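K.L.:
The listed protein sequences correspond, in order, to chains A and B. 403 is the number that the working numbering gives to position 403 of the first sequence; each next residue is one higher, with no gaps. 1160 is the number that the working numbering gives to position 160 of the second sequence; each next residue is one higher, with no gaps.
It should be emphasised that the hints constitute simulated quantities derived from the structure, not laboratory data. Hints are not guaranteed to be accurate.
Said to hold, decoys possible - No more than 30 Å apart at the CA atoms, straight line, and that leaves these computed lysine-lysine pairs for DSSO-like:
id, chain 1, residue 1, chain 2, residue 2
1, B, LYS1289, A, LYS161
2, A, LYS288, B, LYS1035
3, A, LYS385, A, LYS449
4, B, LYS1002, B, LYS1037
5, B, LYS1322, A, LYS161
6, A, LYS302, B, LYS1398
7, A, LYS303, B, LYS1056
Keep in mind that this is a model prediction, so the values were computed, not measured.
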Amino acid sequence: MSKLIFEKGVKGSNSFSLPEAGLAQPDINQTLPPIFLRHQAPDLPQISEVEAVRHYTELSQRAYGVDNGFYPLGSCTMKYSPKINEWAARIPGLAALHPYQAPETIQGALQLYYEMQEILAEITGMDGFTLQPAAGAHGEMVGVMIIKAYHLNNGDKARTKMMVPDSAHGTNPATANMIGFDVIEVKSNPRGLVDLDDLKSKMNEEVAGLMLTNPNTLGLFEEEIEDIAAIVHEAGGLLYYDGANLNGVVGVARPGDMGFDLVHVNLHKTFSTPHGGGGPGSGPVGVKAHLLPFLPIPLVVKKEEQYTFDYDRPLSIGKAKNFYGNFGVIVKAYAYIKALGGEGLKDACQNAVLNANYMRHQLREDYNIPLDRLCKHEFIINSKKQADPHGISTMDIAKRLIDYGYHPPTVYFPLIISEAMMIEPTETESKERMDDFIAAMKSIAKEAKETPELLLGAPHNAVIRRVDEVKAARKPVVKWEAP
Amino acid sequence: MKYTPNPPWVAQDMLNSMGLNSLDDLFDDIKDDLKLKKGLNLPPAMGEMELRRYMKDLAARNISTEEYPCFLGAGAYDRYIPAAVEQLLLRSEFYTAYTPYQPEISQGILQSIFEYQTMICKLTGMDVSNASMYDGGSALAEACNLACNSGKGRRKIIIPDTVHPEYLKILQAYSLSGRMEVLVVPGREGAADIDAMIAEIDDQTAAAVIQQPNFFGVLENGERLERAVHANKGLFIMAVEPVSLAVLKSPGEWGADIAVGEGQPLGCSLSLGGPYLGFFAARRELMRKLPGRIVGETTDLDGKRSYVLTLQAREQHIRREKAGSNICSNEALCALAAGMYLAFVGEEGLKEIALRSHQLALYAEEQAKSAGLELKYQQPYFMEFAVKMSDPAAANRKLLANGIIGGYQLEDALLLAFTEKRSRDEIDRLFAVLGGKVDE
Chain A
1 MSKLIFEKGV
11 KGSNSFSLPE
21 AGLAQPDINQ
31 TLPPIFLRHQ
41 APDLPQISEV
51 EAVRHYTELS
61 QRAYGVDNGF
71 YPLGSCTMKY
81 SPKINEWAAR
91 IPGLAALHPY
101 QAPETIQGAL
111 QLYYEMQEIL
121 AEITGMDGFT
131 LQPAAGAHGE
141 MVGVMIIKAY
151 HLNNGDKART
161 KMMVPDSAHG
171 TNPATANMIG
181 FDVIEVKSNP
191 RGLVDLDDLK
201 SKMNEEVAGL
211 MLTNPNTLGL
221 FEEEIEDIAA
231 IVHEAGGLLY
241 YDGANLNGVV
251 GVARPGDMGF
261 DLVHVNLHKT
271 FSTPHGGGGP
281 GSGPVGVKAH
291 LLPFLPIPLV
301 VKKEEQYTFD
311 YDRPLSIGKA
321 KNFYGNFGVI
331 VKAYAYIKAL
341 GGEGLKDACQ
351 NAVLNANYMR
361 HQLREDYNIP
371 LDRLCKHEFI
381 INSKKQADPH
391 GISTMDIAKR
401 LIDYGYHPPT
411 VYFPLIISEA
421 MMIEPTETES
431 KERMDDFIAA
441 MKSIAKEAKE
451 TPELLLGAPH
461 NAVIRRVDEV
471 KAARKPVVKW
481 EAP
Chain B
1001 MKYTPNPPWV
1011 AQDMLNSMGL
1021 NSLDDLFDDI
1031 KDDLKLKKGL
1041 NLPPAMGEME
1051 LRRYMKDLAA
1061 RNISTEEYPC
1071 FLGAGAYDRY
1081 IPAAVEQLLL
1091 RSEFYTAYTP
1101 YQPEISQGIL
1111 QSIFEYQTMI
1121 CKLTGMDVSN
1131 ASMYDGGSAL
1141 AEACNLACNS
1151 GKGRRKIIIP
1161 DTVHPEYLKI
1171 LQAYSLSGRM
1181 EVLVVPGREG
1191 AADIDAMIAE
1201 IDDQTAAAVI
1211 QQPNFFGVLE
1221 NGERLERAVH
1231 ANKGLFIMAV
1241 EPVSLAVLKS
1251 PGEWGADIAV
1261 GEGQPLGCSL
1271 SLGGPYLGFF
1281 AARRELMRKL
1291 PGRIVGETTD
1301 LDGKRSYVLT
1311 LQAREQHIRR
1321 EKAGSNICSN
1331 EALCALAAGM
1341 YLAFVGEEGL
1351 KEIALRSHQL
1361 ALYAEEQAKS
1371 AGLELKYQQP
1381 YFMEFAVKMS
1391 DPAAANRKLL
1401 ANGIIGGYQL
1411 EDALLLAFTE
1421 KRSRDEIDRL
1431 FAVLGGKVDE
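Required output: the full structure, derived from the provided sequences and hints.
P.N.:
Right under this line is the structure:
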């Protein structure tokens, strides 16, 4: 059992100290009224530097990242994060800048920021971008706020509903609800695409817009996207592009050319910035010209070869986040795009799609593939072939993969495919690496028939076995208490 | 540069194995007229060496807080980050991982979040903390959102204009939902007008909010506000600065229901405003309404202590269109940094940092007065205050010309912050320039 940092401390062992101030130390009990002062000390860890370093090193050894191995987590685009980008974001001239410094002292940073607004507009076919949102879901939120502000500004108060396909990411309906929309679900047809008849029957003047992911969460391109756009636009709605899956079309096709009015992109997916164990991400939002006035403040603009902030935007929704977004993440994505150029982005997309289709072909003999046709950057398999006679589930396969040294794919999503496993290899995996994974999957399929206990009890080689999630939720222990 | 490892001949083999001829065949499901004809109009690719030079040149066109002493605060603070924090954050097992959905291979990350949650609870004096939010401003907006989603139908948020103006802008945007009515009450003498706020409290009030220290660095006395809002069954929300909590009364001690704040001072570089982290802590009764991810302790099949993402029924995976918040990715790596920071400076170190900041601010006030300058507000402060200035922009330009990054420009004052990184000499220089003892 690994000790918590609170269980390791020795009182007085921490030796952190500041240089001498050369000033008398005032008594805070004299300088501030007692009402403002703390009575009970916070009781933080007291640990020596070397022991704290070992503590966090040990924690890192019980984590698994893309640098450890293959991470085919569908819809998360776990591609390699180039090291030069980590270096770039840590140059003091970019990392040690205060957000309220005068624009003339941060011209290099503002140029980068301005160019990134322009670059993302070119990549997505939009007319303008805000880099403010901190994550994909935050981008969705800004997007849906813009949709709401647009309709309200048109005096169109009846649009209280937001349409979301049944294959959508959970954040889409959650976002729509958060901004005060009622959610209407649009069905998928047997081909896994938006059912146009269902869309038509639900589209009316109460609908503010449709939030769509393309390629969708099944990894399939919405082939009738132009018809979808026409249906939404004819009824006065806006078409929102959830950019979680942009890696499947980047450099090949653009949401702006497909009829989308606004988009968010995930810099931590398509543009290689690391996921950080769950953030920081960055979810810039781009819009077509008719939505530009509603973007959050400020934007960075260029005036007479000088870069500056534009706060004078009376129709803006306001702000979604302090300052200008996750600048450190934006630096990394910018460096990535600079390294690849337009051709490199296309090459990345082509290889991502090649890898996904290659794996789909290699796995189809041993696993059920509900929609087995040309996919984009990811595809869905499930455990249907493994279910009988031993009752093997997708979770069992996922846990067994851990024993083989892999991070499991996304499981039980999308919801419209039972026992789904969503596999996204990304373009940064070699054929050899994928062949190893495929061999592991084939071996697991064999085990499912012959030695099912290996799956049912998996993982066997991890630092812990399966956890009791019910216990965690029923009697929550969410912080350490001194015994 | 390319980061695709398969050379063209391998790619061709893979295509052939599927009965395809070219990479273009992989996009047959996209109509030709939707495809880019000429490719993206972007500058040409760069090799790594070229890119390194290019990024260095961009960076060289900025003046960093490493070069000039920085007296800007206003919600982001130039604090010292221990070398160990910077080094350990480069362990790529941490930074190239995703959200710990699979607990068996993510125990390290889950445990680090559990430890972070515990430290935030200790600092704020609250019972529960989530795994982090985007930043201080969005954390406050989510706290107000929670108060309005409490099921009682209350929708009024009473907040003084002494809260950070950007937080107010964020709140305005979040209130587009129509579920929140934000009432901004003008302050008096740089502090919240507590009487005016109390007068607004009614049976529609979901929460009353104060920031401590407030935007102007002034300490707010929330005692009566807390009693009044609780007497009306509303929530008391505090936005707090984490380093100051080493010595200032904790939200728990003030009787707050929710404590949020900007976590940047805990080990995050300034980075032009992000990535930072928001912290979000609350009383136990609100645990099941908290936004964002929470890590809980449990056991594995062998009874071994383990950690796992828990209480996920609150989140968007389960009740998709009913979720109170949509937050998914948070700022996990910044939360890891915050936990490390608190471990490396420790209980005593944090107190020393807080007291040093206070000490330097007190010294700065003396120097300001000797330079013939006046504080804008005669109020208790912790480490930041506003100095009256007829032309703050001109003052900042003069400071810059003398190698100093000045303060935040208010209409008739400069808001100056004093962190432990500032020295007596730097403060002397600051007021020599502001007091007119140094020529242009």
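K.L.:
All hints, please: hold or fail.
P.N.:
These are the hints, each one checked on the structure:
With a CA separation close to 25 Å, the supplied pair LYS1289(B) and LYS161(A) stays within the 30 Å bound. Distance hint between LYS288(A) and LYS1035(B) is fulfilled; the C-alpha atoms sit about 19 Å from each other, no more than 30 Å. For the hint linking LYS385(A) to LYS449(A), the alpha-carbon distance of about 10 Å falls within 30 Å, and the restraint holds. Note on LYS1002(B) and LYS1037(B): the hinted pairing holds, with a Cα-Cα distance of about 22 Å set against a maximum of 30 Å.
With a C-alpha separation of about 14 Å, the suggested pair LYS1322(B) and LYS161(A) falls inside the 30 Å cut-off, and the hint holds. A threshold of 30 Å between alpha carbons decides the hint, and for LYS302(A) with LYS1398(B) the separation of about 25 Å falls inside it, so the pair holds. With a C-alpha separation of about 24 Å, the suggested pairing of LYS303(A) with LYS1056(B) holds against the 30 Å cut-off.
Of the numbered hints listed earlier, not one is contradicted by the structure.
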